[in-house]
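Can you make the complete structure from the sequences, with help from the hints?
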Amino acid sequence: MASTLADVLKEIDSIPVPNFVVTKVIELASKPDVSAAELTSIIEKDPNLTVRIMKLANSAYYGLPQKITNLSHAIMILGFKTLRNLVIGVYTHDAFFSFKLETTKVSSEDLWWHLVSTAIATESVSNATGFINKEEAFLAGMLHDIGKVILAKLFPKYVDALITLASARSLTYEQAEKEMEFPDHVFVAKYLLEKWKFPEIIRIPVEFHHNPGGVQDESFKDITAIVHASDVISSILNQKAAGNYTLPIMKKEAWTYLKLNGTTFLDMIKSTRESMKKSDSFFRI
Amino acid sequence: MSGEKTKYELSNLPSFLSNFTVKLNSAEMPEKCVEELIDASKNFFSVEDYAYVIKDQSHGTIKPKVMAMGRWVLEKKKISVIPVDDSAFLFLPLFSRRHDIGYVVMRITDDIGDLKMKYMDVESLLSFETSMVIDNMLLTGELIKKNEYVSEARAYLENVLNSLKYAVVVASVRKGEEFSNKPYKELIEKNKEIVNYIEDISQESLIYRKEVSREVEVNQSFYSLYAVPVQLSSGLKIVISIQDITNTKELERLQKIDKMKDNFVATISHELKTPLAAILAYSETLLESAESIDTDTLKSFARTIKNESEHLANIIEEMINFSKVSSNSLTMAFGRVDLVKILKDTYDGLKINALSNNVKFSLEIPEDLVNAYVTADPKRIIQVMDNLVSNAFKYNDSKTPEVKINIRSEDEGYIISVWDNGSPIPAEEREKIFEKFYRGSNSGNISGTGLGLTIVKEIIDLHKGKIWIDDVENCSFSFFLPKRDWLNILK
Numbered sequence: 001m002a003s004t005l006a007d008v009l010k011e012i013d014s015i016p017v018p019n020f021v022v023t024k025v026i027e028l029a030s031k032p033d034v035s036a037a038e039l040t041s042i043i044e045k046d047p048n049l050t051v052r053i054m055k056l057a058n059s060a061y062y063g064l065p066q067k068i069t070n071l072s073h074a075i076m077i078l079g080f081k082t083l084r085n086l087v088i089g090v091y092t093h094d095a096f097f098s099f100k101l102e103t104t105k106v107s108s109e110d111l112w113w114h115l116v117s118t119a120i121a122t123e124s125v126s127n128a129t130g131f132i133n134k135e136e137a138f139l140a141g142m143l144h145d146i147g148k149v150i151l152a153k154l155f156p157k158y159v160d161a162l163i164t165l166a167s168a169r170s171l172t173y174e175q176a177e178k179e180m181e182f183p184d185h186v187f188v189a190k191y192l193l194e195k196w197k198f199p200e201i202i203r204i205p206v207e208f209h210h211n212p213g214g215v216q217d218e219s220f221k222d223i224t225a226i227v228h229a230s231d232v233i234s235s236i237l238n239q240k241a242a243g244n245y246t247l248p249i250m251k252k253e254a255w256t257y258l259k260l261n262g263t264t265f266l267d268m269i270k271s272t273r274e275s276m277k278k279s280d281s282f283f284r285i
Numbered sequence: 001m002s003g004e005k006t007k008y009e010l011s012n013l014p015s016f017l018s019n020f021t022v023k024l025n026s027a028e029m030p031e032k033c034v035e036e037l038i039d040a041s042k043n044f045f046s047v048e049d050y051a052y053v054i055k056d057q058s059h060g061t062i063k064p065k066v067m068a069m070g071r072w073v074l075e076k077k078k079i080s081v082i083p084v085d086d087s088a089f090l091f092l093p094l095f096s097r098r099h100d101i102g103y104v105v106m107r108i109t110d111d112i113g114d115l116k117m118k119y120m121d122v123e124s125l126l127s128f129e130t131s132m133v134i135d136n137m138l139l140t141g142e143l144i145k146k147n148e149y150v151s152e153a154r155a156y157l158e159n160v161l162n163s164l165k166y167a168v169v170v171a172s173v174r175k176g177e178e179f180s181n182k183p184y185k186e187l188i189e190k191n192k193e194i195v196n197y198i199e200d201i202s203q204e205s206l207i208y209r210k211e212v213s214r215e216v217e218v219n220q221s222f223y224s225l226y227a228v229p230v231q232l233s234s235g236l237k238i239v240i241s242i243q244d245i246t247n248t249k250e251l252e253r254l255q256k257i258d259k260m261k262d263n264f265v266a267t268i269s270h271e272l273k274t275p276l277a278a279i280l281a282y283s284e285t286l287l288e289s290a291e292s293i294d295t296d297t298l299k300s301f302a303r304t305i306k307n308e309s310e311h312l313a314n315i316i317e318e319m320i321n322f323s324k325v326s327s328n329s330l331t332m333a334f335g336r337v338d339l340v341k342i343l344k345d346t347y348d349g350l351k352i353n354a355l356s357n358n359v360k361f362s363l364e365i366p367e368d369l370v371n372a373y374v375t376a377d378p379k380r381i382i383q384v385m386d387n388l389v390s391n392a393f394k395y396n397d398s399k400t401p402e403v404k405i406n407i408r409s410e411d412e413g414y415i416i417s418v419w420d421n422g423s424p425i426p427a428e429e430r431e432k433i434f435e436k437f438y439r440g441s442n443s444g445n446i447s448g449t450g451l452g453l454t455i456v457k458e459i460i461d462l463h464k465g466k467i468w469i470d471d472v473e474n475c476s477f478s479f480f481l482p483k484r485d486w487l488n489i490l491k
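Protein chains in written order, with the numbering used here: chain A, 1 to 285; chain B, 1 to 491.
Hints listed in this document are in silico derivations from the structure and should not be mistaken for laboratory results.
Even glycine gets a Cβ: it sits at the ideal position worked out from N, Cα and C.
Mixed in with the good hints, there may be bad ones.
Derived Cβ-Cβ restraints for the label pairs, each shown as a range [unchecked claim]:
{"hint": "1", "chain 1": "A", "residue 1": "N238", "chain 2": "B", "residue 2": "R174", "range": "52 to 62 Å"}
{"hint": "2", "chain 1": "A", "residue 1": "D217", "chain 2": "B", "residue 2": "R98", "range": "21 to 31 Å"}
{"hint": "3", "chain 1": "A", "residue 1": "P32", "chain 2": "B", "residue 2": "S18", "range": "17 to 27 Å"}
{"hint": "4", "chain 1": "B", "residue 1": "N136", "chain 2": "A", "residue 2": "N238", "range": "32 to 42 Å"}
{"hint": "5", "chain 1": "A", "residue 1": "E109", "chain 2": "B", "residue 2": "E152", "range": "58 to 68 Å"}
{"hint": "6", "chain 1": "B", "residue 1": "R98", "chain 2": "A", "residue 2": "A6", "range": "34 to 44 Å"}
{"hint": "7", "chain 1": "B", "residue 1": "V84", "chain 2": "A", "residue 2": "A60", "range": "13 to 23 Å"}
{"hint": "8", "chain 1": "B", "residue 1": "Q57", "chain 2": "A", "residue 2": "K100", "range": "50 to 60 Å"}
Below, a sample of chain A positions facing chain B; criterion: calculated Cβ distance under 8 Å [said to hold, decoys possible]:
{"hint": "9", "residue": "D33"}
{"hint": "10", "residue": "A60"}
{"hint": "11", "residue": "H73"}
{"hint": "12", "residue": "I77"}
{"hint": "13", "residue": "A128"}
{"hint": "14", "residue": "I132"}
{"hint": "15", "residue": "A161"}
{"hint": "16", "residue": "M250"}
This is how it looks when you write it as structure tokens:
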């Protein structure tokens, strides 16, 4: 088992970078001048990806009253960023969740469920708090615990030991991590997303999703608080999927920043649970 | 490409947004806000036609198919360009943190493939800002409506409270009187002194935090007061309701008198029967066997008949007097008279009576009081004295009965007391004893009409005097007669 930071980074560096289409989509989706036609032509280069995205776009989750028949329509109707999110979603699933993990304490299905439900929770939280960059929050939610799956893939024994500790002492995954002398999942995710050239609006909330008070740049405080809240909501719906053995509690800074109260928070949990009922397609990517 | 149009360059987005904000803020209605939003959108899209829905109200015709998409956009809260048939529609959802407002749909002629993300982003921002302003307008509208409702409810309550027969006043701890209904205002105008009683009861209710009720008499009117502490969000209030129960009191009094009259009839018939039976029995005996009875027995019979007849006459006299009292026609022959002389006469007249009743009877007149002139009807004063003294004889329960009359001079008038060494009149009966037909708890089988003291009080009242029961260990009635010549006050 690797024990030094350098070893860990070496292992992470062995993960292949996303393919050309995904990299290009991430790049284009950050350019204001991008047109629907441009995005369409890139995605269409990968027919398999295109078909799977069309399936997602027509899924019960989006619940469109009419069927979308071509990719450019999907981009116009669902929006540029949503399409980007679907592309990254499909890629992430293929790259990290399409095989069985060696860990015995947590499965890739558990972790994928946690990521999808957190992403879906960001929609409820964004709507309830009046946050308009919903698509960015969605993607950050979907990627926030990517570090966990990478650690589970590269160091399954370590992750099992970590979760055994969490379960023995009723800790959250993150609390157990602090007891271990090992790079944590947040560090791993941060390293990876920087390498993959994700914009700050995605990287910052992933990096600070356990510490929303640590965000300095005012323009990323809201999205970080939203991802933090969504992570907690997902854990409330299924605690062990994220490797938690006690309920994580929302940080006060995020709670007050989003001006939440008991009722709004409960409503968010309820609406996330409702949306999850229509989220089948995300698990059959 | 249809609608070849120069797109607004976003190089000066801040000033564009500030311009838009100014226009939004000067809009007066949600509809106007939407018009501004559409105008602004024309900088980025070639808008052919538009329609919108605010709070389920459609403005412009919208096909069902388009409406379904509009509902979807609002549900997802996503800006969307949707190809329907052969045109494209730009949908902007309008929503706030609080609730969904509606959506705007614009038919655009732009080439869909050429649409840029930045325009969608700006559009999203514009519709969000518009939503905020509309939401505030709707909120203000709701508040105004709520305010109207509140003042309507207030007016309604005030009307109800004003139409009550009760006077109602609400007092708060700090501000004092906070609300009062019309009857209350009328009440304090008529009877200012009641305010003191209201303050008292409200203080009491406040201190003990509980309901307090009581009846008070103010200027010959009776009121029932009821105070309740009520905890409202604005603090602790005391709600006091006041009811004029004078009429109820009067009714109660009349009912009581009615009952007393029944008692009186029962008593009086017994009272009349006893002497009559004696007179009858003795006179029959006389008629049947006058020859065979010796003179002494005859004389004793005749005396009994005379005594009983006098007793009868007395009863009848009392009844006549009482009916005069009742009808306010007790005639008086006032003059300046000497109380000392009257007392002496009374004393002399009753001395024999005292002897036969085995009562130690005395009259005490201070040595320096030679005369005691008052304005009075001597016959009536003698009647009062007779009544008080014979009561003292009759109801004295002492084994060695003793009755004392005394008179003393005060600044304003004379006080005459008739004292006996019997048990005192219980405190709770002292007021009632002057009421019509009332008979004290110790009256037992002693004969009496229950009218004597009522007449006595009436007479003293007509003399501008006062009568009361002294608070002493034994039984003592006192009355006061003024010295001044009130009849000829003008002289």
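Hints, verified against the model:
1. A/N238 to B/R174: 52 to 62 Å: holds, 55 Å
2. A/D217 to B/R98: 21 to 31 Å: holds, 28 Å
3. A/P32 to B/S18: 17 to 27 Å: holds, 20 Å
4. B/N136 to A/N238: 32 to 42 Å: Hint holds: Cβ distance 39 Å, inside 32 to 42 Å.
5. A/E109 to B/E152: 58 to 68 Å: Roughly 60 Å apart at Cβ, these two residues keep to the hinted range, so it holds.
6. B/R98 to A/A6: 34 to 44 Å: violated, 52 Å
7. B/V84 to A/A60: 13 to 23 Å: holds, 21 Å
8. B/Q57 to A/K100: 50 to 60 Å: Holds, since B/Q57 and A/K100 (Cβ atoms, about 56 Å apart) stay within the stated range.
9. D33: Cβ of A/D33 sits 6 Å from chain B, so the hint holds.
10. A60: violated, 13 Å
11. H73: holds, 6 Å
12. I77: Nearest chain B Cβ about 5 Å off; hint holds.
13. A128: Status holds, d = 7 Å.
14. I132: holds, 5 Å
15. A161: violated, 43 Å
16. M250: Constraint on A/M250 not satisfied, violated at 18 Å.
Comparing the model with each numbered hint stated earlier shows that hints 6, 10, 15 and 16 do not hold.
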